[in-house]
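A.B. asks: Quick note, the sequences are listed as chains Z and A, same order. Quick note: the first sequence, position 123, residue 123 per our numbering, numbers continuous. Quick note: the second sequence, position 90, residue 90 per our numbering, numbers continuous.
Check the hints yourself; a few may be wrong.
Unchecked claim - BS3-like cross-link-like pairs, simulated, lysine-lysine; straight-line CA separation at most 27 Å:
| no. | chain 1 | residue 1 | chain 2 | residue 2 |
| --- | --- | --- | --- | --- |
| 1 | Z | K202 | A | K67 |
| 2 | A | K203 | Z | K290 |
| 3 | A | K67 | Z | K290 |
| 4 | A | K67 | A | K214 |
| 5 | Z | K290 | Z | K130 |
Claimed, not checked - Rough simulated footprint, nothing fancy, chain Z against chain A, three-plus residues with beta-carbon under 8 Å:
| no. | region |
| --- | --- |
| 6 | 10-17 |
| 7 | 36-45 |
| 8 | 124-133 |
| 9 | 166-180 |
Claimed, not checked - From chain A, some residues computed to sit far from chain Z (all C-beta separations above 12 Å):
| no. | residue |
| --- | --- |
| 10 | H77 |
| 11 | D158 |
| 12 | V160 |
Since the hints were made in silico from the structure, they are not lab data. As the structure is a prediction and not an experimental result, all values here were calculated from the model. Ideal Cβ positions, reconstructed from N, Cα and C, are used throughout, including at glycine.
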Amino acid sequence: MHPAPSVIIFTSLSGLGFGLLFWLGIGYPEVYGMSAFGMFFVAYALAVGGLLASTAHLGNPKNAIHAFSQWRTSWLSREGIASVVTLLLMAVYAIGMVFLGQRFQILGWIGAALSMFTVFTTSMIYAQLKTVPRWNMRLTSVMFLTYAVAGGALLAGQISIAVVLLLVLTLVQFAVWQAGDKRFREAGHTIETATGLGNLGKVRLLEPPHTSPNYLMKEMVFTVGRKHSRKLRMIAGVSLGLLPVILLYALPFNPISAALAVAFHVLGLFAARWLFFAEAEHVVGLYYDKR
Amino acid sequence: MTALPQTTQKKLGLVIDLDICVGCHACVTNCKEWNTSNYGAPLSDVDAYGAEPMGTFLNRIHTYEVKQEGCNAQTVHFPKSCLHCDDAPCVTVCPTGASYKREEDGIVLVNEDRCMGCGLCAWACPYGARELDQLAGVMKKCTLCVDRIYNENLPEEDRVPACVRTCPAGARHFGDFADPDSNVSRLSAERGGMELMPEQGTKPVNRYLPPRPKTDIGGENKIDILAPFLEPVVNEEATQDQPGGFLGWLDKALEKI
Ligand code: SF4
Ligand code: SF4
Ligand code: SF4
Numbered sequence: 001m002h003p004a005p006s007v008i009i010f011t012s013l014s015g016l017g018f019g020l021l022f023w024l025g026i027g028y029p030e031v032y033g034m035s036a037f038g039m040f041f042v043a044y045a046l047a048v049g050g051l052l053a054s055t056a057h058l059g060n061p062k063n064a065i066h067a068f069s070q071w072r073t074s075w076l077s078r079e080g081i082a083s084v085v086t087l088l089l090m091a092v093y094a095i096g097m098v099f100l101g102q103r104f105q106i107l108g109w110i111g112a113a114l115s116m117f118t119v120f121t122t123s124m125i126y127a128q129l130k131t132v133p134r135w136n137m138r139l140t141s142v143m144f145l146t147y148a149v150a151g152g153a154l155l156a157g158q159i160s161i162a163v164v165l166l167l168v169l170t171l172v173q174f175a176v177w178q179a180g181d182k183r184f185r186e187a188g189h190t191i192e193t194a195t196g197l198g199n200l201g202k203v204r205l206l207e208p209p210h211t212s213p214n215y216l217m218k219e220m221v222f223t224v225g226r227k228h229s230r231k232l233r234m235i236a237g238v239s240l241g242l243l244p245v246i247l248l249y250a251l252p253f254n255p256i257s258a259a260l261a262v263a264f265h266v267l268g269l270f271a272a273r274w275l276f277f278a279e280a281e282h283v284v285g286l287y288y289d290k291r
Numbered sequence: 001m002t003a004l005p006q007t008t009q010k011k012l013g014l015v016i017d018l019d020i021c022v023g024c025h026a027c028v029t030n031c032k033e034w035n036t037s038n039y040g041a042p043l044s045d046v047d048a049y050g051a052e053p054m055g056t057f058l059n060r061i062h063t064y065e066v067k068q069e070g071c072n073a074q075t076v077h078f079p080k081s082c083l084h085c086d087d088a089p090c091v092t093v094c095p096t097g098a099s100y101k102r103e104e105d106g107i108v109l110v111n112e113d114r115c116m117g118c119g120l121c122a123w124a125c126p127y128g129a130r131e132l133d134q135l136a137g138v139m140k141k142c143t144l145c146v147d148r149i150y151n152e153n154l155p156e157e158d159r160v161p162a163c164v165r166t167c168p169a170g171a172r173h174f175g176d177f178a179d180p181d182s183n184v185s186r187l188s189a190e191r192g193g194m195e196l197m198p199e200q201g202t203k204p205v206n207r208y209l210p211p212r213p214k215t216d217i218g219g220e221n222k223i224d225i226l227a228p229f230l231e232p233v234v235n236e237e238a239t240q241d242q243p244g245g246f247l248g249w250l251d252k253a254l255e256k257i
């Protein structure tokens, strides 16, 4: 799948933002006034920024308002509704903490749960697609949720729990790569099942339907850059969890090491998300004899 | 609404005969011609005369080579348009309600006035049957020529999809799969009509008729079926001004006149 910057930024940043909102919602840290303002500002900037980035992917954004209508069947619609409801609810909670010196605890808990639900709906946009076997597994949702909780803990400054979560996240990410590598074969799709010609022999593409890449190929048959995927996996795998943990533990805690830890985590997150798209193979590639 | 109907009264669709299709792309051209000037936004072309032309098409022809160990390879031309699936994943993923499957005849359509061009439906389709138009920014797909098949302004013989009407080989057939006696149901039953990628669970309506088995003409190197008849001539000694083989025979035959 084409690793479009808009979807990489969208899933990465909004995941982080809702992860941070989750921690703020359950009261870790319990901050008020200006420091609460700073925290909520970061969370909203990430969540809203991510959502806005996703609209760059739309061909016809003027109809985006209709995206809130199909919650009964569409995960993308549910994602839109869940994020707006969460952001509105948490805004009330934030006003309490920032201006009134009050923590509306129940509201916070509901908001935290909704934040996680929002991340889950994002994950299901991808995990529901049978056409992309690498994504079509439960681990995909586990991965998105772990990213949000771990990254959120790091941003929320919950160092002791963040360290554990970042290590768990690293394990989850490697498990996803392991399982993902086998998914296409497990799903059993081949050029023979795609064309139905398998009983006549081995099938190969003789002539493509068009001479230069079309929308389908640009969007779904992305094969560039896979050769670097091993290296990128190592960079991502080390940078998203191990380096931040070392920084947080080895150095005496100070704003610079904390900022560096966040920077490494985000770098790892972007690299892993790039791979999430670039390595995903869509079954339509079978018709083009390339994945 | 992007919920799928429980059942549809009719199941309109196509039978595509892989034995007959000659890969001429006439259906591709006529499909584009009809659909660019009728239902919805035109099917745009980008950089049409440049180095990397790219356009929106609702129907595409792939050509495959099928080869069995020890046999001659076979060429199969493979037209592909929307299969109007019963369990269409492209419909249920759509967040705006633009994609829908019609209860009355099973046709899967896009309402362009609601589509926001997110492309998720194209991701959900296993067959590559949906393309986002690069200029209009909305999703385009085969409409089963809904604006022809019920169109009383057209002469009766034209009330079939453009691709079916134009195919010079008669490789595309249109009809109702819900009726077991329809042309398409009977064709599909007689010839073992197949679903594409059935393991995706989309329950396609369209059926593909497999190529008929080719007569085996004797393995890899015996492709010239006339060779045995020419053998006596071939075996005669060929010299410089007395060519052998077919030419030799021709030479002699002309000499005799
Ligand atoms: S072929 Fe693709 S676009 Fe057509 S109904 Fe099936 S899934 Fe949808
Ligand atoms: S591109 Fe249009 S039709 Fe397809 S899922 Fe998005 S809104 Fe629906
Ligand atoms: S039925 Fe109409 S829209 Fe569909 S492929 Fe044929 S000509 Fe194109």
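A.B. asks: Would you pick out the hints that fail for this structure and give their numbers low to high?
C.D. replies: Numbers 6, 7, 9 and 10 - these are the hints that the structure violates, sorted from lowest upward.
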